[in-house]
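Peer 1: Here are the chains, one letter per residue:
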Amino acid sequence: MKPDEFEQKISRQPLRQVPPEWREEILSAARVAQTTPHESRVTQHAWLSPINSQLATLFWPHPKAWAGLAAVWICIGVLNFYTRDTSPRLAEKSLPPSPEVIVELKKQQRMFAELVGSHETVDADRPKVFSPRPRSGRTEILVG
Amino acid sequence: MKMPACLDIERLYDEHAQPLFALLLNLTRNEADTRDLIQEVFIKIARDENLLKGVREERAFLIRLAHNAAIDLMRRRGTRERTKDNFAEIISPFATSVDPDEVTFRQQLAAALAELPPEQRAVAHLKLWAGLTFEEIATALEIPPNTAASRYRYALDKLRDRLRPIYEEIK
Numbered sequence: 001m002k003p004d005e006f007e008q009k010i011s012r013q014p015l016r017q018v019p020p021e022w023r024e025e026i027l028s029a030a031r032v033a034q035t036t037p038h039e040s041r042v043t044q045h046a047w048l049s050p051i052n053s054q055l056a057t058l059f060w061p062h063p064k065a066w067a068g069l070a071a072v073w074i075c076i077g078v079l080n081f082y083t084r085d086t087s088p089r090l091a092e093k094s095l096p097p098s099p100e101v102i103v104e105l106k107k108q109q110r111m112f113a114e115l116v117g118s119h120e121t122v123d124a125d126r127p128k129v130f131s132p133r134p135r136s137g138r139t140e141i142l143v144g
Numbered sequence: 001m002k003m004p005a006c007l008d009i010e011r012l013y014d015e016h017a018q019p020l021f022a023l024l025l026n027l028t029r030n031e032a033d034t035r036d037l038i039q040e041v042f043i044k045i046a047r048d049e050n051l052l053k054g055v056r057e058e059r060a061f062l063i064r065l066a067h068n069a070a071i072d073l074m075r076r077r078g079t080r081e082r083t084k085d086n087f088a089e090i091i092s093p094f095a096t097s098v099d100p101d102e103v104t105f106r107q108q109l110a111a112a113l114a115e116l117p118p119e120q121r122a123v124a125h126l127k128l129w130a131g132l133t134f135e136e137i138a139t140a141l142e143i144p145p146n147t148a149a150s151r152y153r154y155a156l157d158k159l160r161d162r163l164r165p166i167y168e169e170i171k
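Protein chains in written order, with my numbering: chain A, 1 to 144; chain B, 1 to 171.
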């Protein structure tokens, strides 16, 4: 890409120079860092630093409030643990119904159906057999 | 045994401190932050002698360290402070001049650069004032070369629009 006049004009603008007194300050700080062991080098992992900085940004403004909230959640967790229901559940206790019970239930179902007056429900569990009527029979019904 | 490494740090400083200073000042617009960031970069290199091992492009590598440090700093500062900074006096990354037209142009250029998003500003700076190619910018900023080229185009268009009146006037 060939730079145009405007591009050339702005790229020619001279930049400020680094203050000369910084050289010694920065290099002496670098030398100190070079001679002193870096404590966090062993304990910190590079991939954790972005997470750390994000967490620090989130928690730093109100550390006491966040600590209080964490303490409340811990209390809730502890209370929940100690007051949990230790008795075995009803579902675990109950056994599958015996065949006698099933027969009795079916009897009751039939009785109920008779009382209500519907005869279909009595044989509800029995598969219906489809027996088509002759077409001529249908016409007789219509005419009659 | 530390002596050669110390000398190496000095060489690195002498060769690369100026472009790092210009980039960081353009990004942060704050001299104290710029100084802290340059120091952070050189301390990082001093602490880990292996950091530069196998690095082919020292300049690009140092620019990457400096750029990442600047982005981290800006993220730490957050939106509130950045907004506050918008109202503060714009610190120019350009040298002063005796020519009043040039002074005005540089002030307006500094202001226009400050309005660019940091990612466009970094690319524009590296292309215009560090003289890097798009491939070198891509390596330094860890972005694809096409992204570097498009960011530069957007940045240049914005600068052109913003500076058209003064540019036409002094041309």
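Rather than coming from a laboratory, the hints here were simulated on the basis of the structure.
This one's a predicted model, so the numbers in the text were calculated from it and none came from an experiment.
Ideal Cβ positions, reconstructed from N, Cα and C, are used throughout, including at glycine.
Some clues are possibly wrong.
[To be verified] Not the full set, but computed from the structure, chain B residues with beta-carbon under 8 Å of chain A:
no.	residue
1	Phe21
2	Ala46
3	Leu73
4	Lys158
[To be verified] Calculated cross-link-like contacts (lysine to aspartate or glutamate; reagent style EDC-like; alpha-carbon spacing at most 16 Å):
no.	chain 1	residue 1	chain 2	residue 2
5	A	Lys9	B	Glu169
6	A	Lys9	B	Glu168
7	A	Lys9	B	Glu119
8	B	Lys171	B	Asp101
9	A	Lys9	B	Glu115
10	B	Lys158	B	Asp101
11	B	Lys171	A	Asp4
12	B	Lys158	A	Glu7
13	B	Lys171	B	Glu102
14	B	Lys158	A	Glu104
15	B	Lys171	A	Glu5
16	B	Lys171	A	Glu7
17	A	Lys9	B	Asp157
18	B	Lys158	B	Glu115
Peer 1: Are any of the numbered hints broken by this structure? If so, which, sorted upward?
Peer 2: Result: hints 3, 4, 7, 9, 10, 14 break, sorted rising.
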